[in-house]
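Assemble the whole structure, with the sequences as input and the hints as a guide.
Here are the chains, one letter per residue:
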Amino acid sequence: MSTTAFQQVLHEQRSALLTAWINHVAALGDQHGSHEHALDALLRSLFDDILGILERQPTATLTLEHEESLTLALRQLVGEQARHGSSASTCVNVVLTLKHLVSAQLVTAAEVTLAEMSWLEQVFEQLTLLTVTAFVAIRERQITQQSLSLLELSTPVLRLWHRILLLPLVGVIDTVRARQITESLLEAIARYEARVTILDLTGVPVLDTSVAQHLMKTIDAARLLGTRVVMTGISPEGAQTLTKLGIRFADVISRATLRAGIAEALLLVGQQIAPLEGKRG
Amino acid sequence: MRMSELPPAQIPLHETADVVTARRAARELCEQLGFGKADQTRLATAVSELTRNVIQYANHGECVIENRSTATHRCIWVQVRDQGAGIANLEQALTDGYSTSGGLGAGLPGTRRLVDQFHIESTPQGTCITIVLTKPL
Ligand SMILES: Nc1ncnc2c1ncn2[C@@H]1O[C@H](COP(=O)(O)OP(=O)(O)OP(=O)(O)O)[C@@H](O)[C@H]1O
Ligand SMILES: [Mg+2]
Chain A
1 MSTTAFQQVL HEQRSALLTA WINHVAALGD QHGSHEHALD ALLRSLFDDI LGILERQPTA
61 TLTLEHEESL TLALRQLVGE QARHGSSAST CVNVVLTLKH LVSAQLVTAA EVTLAEMSWL
121 EQVFEQLTLL TVTAFVAIRE RQITQQSLSL LELSTPVLRL WHRILLLPLV GVIDTVRARQ
181 ITESLLEAIA RYEARVTILD LTGVPVLDTS VAQHLMKTID AARLLGTRVV MTGISPEGAQ
241 TLTKLGIRFA DVISRATLRA GIAEALLLVG QQIAPLEGKR G
Chain B
282 MRMSELPPAQ IPLHETADVV TARRAARELC EQLGFGKADQ TRLATAVSEL TRNVIQYANH
342 GECVIENRST ATHRCIWVQV RDQGAGIANL EQALTDGYST SGGLGAGLPG TRRLVDQFHI
402 ESTPQGTCIT IVLTKPL
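Residue numbers (the working numbering), protein chains in the order written: chain A, 1 to 281; chain B, 282 to 418.
To be clear, the hints were calculated from the coordinates, so they are not data collected in a lab. A virtual CB, placed ideally from N, CA and C, is assigned to each residue, including glycine. Hints should not be assumed to be uniformly reliable.
[Stated by the list, open to error] Covered by chain A, according to a simulated footprint, are these stretches of chain B (three or more residues, beta-carbon under 8 angstroms):
{"id": "1", "stretch": "292–304"}
{"id": "2", "stretch": "310–324"}
{"id": "3", "stretch": "327–336"}
{"id": "4", "stretch": "385–391"}
[What the hints assert, rightly or not] Under the rule of at most 25 angstroms between Cα atoms (straight-line distance), these lysine-lysine pairs were calculated in the DSS-like manner:
{"id": "5", "chain 1": "B", "residue 1": "LYS318", "chain 2": "B", "residue 2": "LYS416"}
{"id": "6", "chain 1": "B", "residue 1": "LYS318", "chain 2": "A", "residue 2": "LYS244"}
{"id": "7", "chain 1": "B", "residue 1": "LYS416", "chain 2": "A", "residue 2": "LYS244"}
{"id": "8", "chain 1": "A", "residue 1": "LYS217", "chain 2": "A", "residue 2": "LYS244"}
This is the structure:
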C-alpha cells in the first residue's frame, strides 16, 4: 500500500506537531512545574495513539472504546486535569488543540483528499466524545465519594462512658444512611464491648414509618450483639404521632431527654452520677 | 388576612428528596396558619407517608397543598396523586401491617388516623388521596 499525502504530512511533521501540542497545552492551563513531567509523558503516549489511528485506512465506523492504550491515557489525562480543577471545556480543548494543529499542517499540503479530512473529523469527534464521557465519569465518582464521606461524618458513634455508646442521629434517614449508621454502630459495639447504646433522635425531623422501620432494624442488630438500647429525644408530638401510626419499639427504654437517657444508661452498667461527697462540708 | 391569598403549593414528586420538600411545605403552611406543634408534626408525617408511597409504588406524581381556611376554621387541604398502577384492594392496603414491599404497612392506616379527613380513590390509572386538617379559630 502506497503512502498518501495525508500520511506523508503526519509522518514528516510528527515531532513538530508533538512539540507544538505540548506547548499549547502547557499554555492552556497554568500547569506548575511539578506535574509537567507526568503530563508530558501522558501527552506523548496519547499523541502516538492518536496519530496511529489517523494514519490508518479510514473506515466508515470508528469506536475508540476498543483502543485500550488510548482510552487509558485519555482517562488519565482527564483525571489529572479534573484533579487540578480544570473544567470539561479545558479538557476538550486539549484534544481540539491537536486537531487544529494537524489541520493547519494538512491545508498547506496539496493532494489531501476530502475523505481524509472527514476521517480527521471523525477521529476527533470520537476523541471529544470520549473526553467528555471520561470527565463526567470522574466528576460523578468525586461526588459519590464526597457524599459518602459526608455520610460518615454525619453519623459519629461516640463512646460516652466505659461500655456506653451514644449515637446522635441528625437529619434525614434514608435507606443508604440507615445502613451506614447500622454498620458503624455495630462496629463500635463490638470494638468497645458496649452494653448500652443511646440512640438520640433529637435531630431527626420526621419520624415516619420508613424511619421507624430503619431504626427497628438498627436496634435489632444492636441487641443481637448484646447491648441494651436507650432511645432519647423523641418530642411529645413525635411520640403522639408514632402512637397514631401504630408503631411501637419493642424492648426499648425510651427517655424524653438525652440527660435522662444518660442517667438510665449509667444505671444499666451499675454506675451513677452523684455529687462529690464531703467536699462541701 | 393575606395568608388566605397564598397560592396553593404544587410540588412535583420524582425522587425521595421531593418527599422532604413536600412535608416541609406542609409543616410551614401549618405553622403560618397558627396550628400547634402537634398538628404540624402529624400533617408533616402524613404528607411524608403519602408522598413516599408515590415515589415507591408509582414512581412519580404530585402533591398539592392548599390553605382552605374559612371565617370560623383554619383548614389545610392536601392532595397527593399519581398515575401509577393503583391499589388493587383498598381495604387490604388500609389494614395495619399490610405491605407489598416488606414495609411496616403502617403508612396508609396510620395516616388515616393522623388526619381529620381522609379520602382515597384508586383505579388502575392511578391513586388520589386527599387529607384535611382543621381546627376552629
Ligand atoms: N400510591 C400508591 N400506588 C400504588 N400502590 C400503593 C400506593 N400507596 C400504597 N400502595 C400499596 O399499599 C400498600 C400499603 O401502603 P402503606 O403505606 O400502608 O405501607 P407500606 O408503604 O408498604 O409500608 P410503610 O409502613 O413503610 O409505609 C403498599 O405496600 C402498596 O402495595
Ligand atoms: Mg408507605
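ask   = Which of the listed hints are not met by the structure?
value = none
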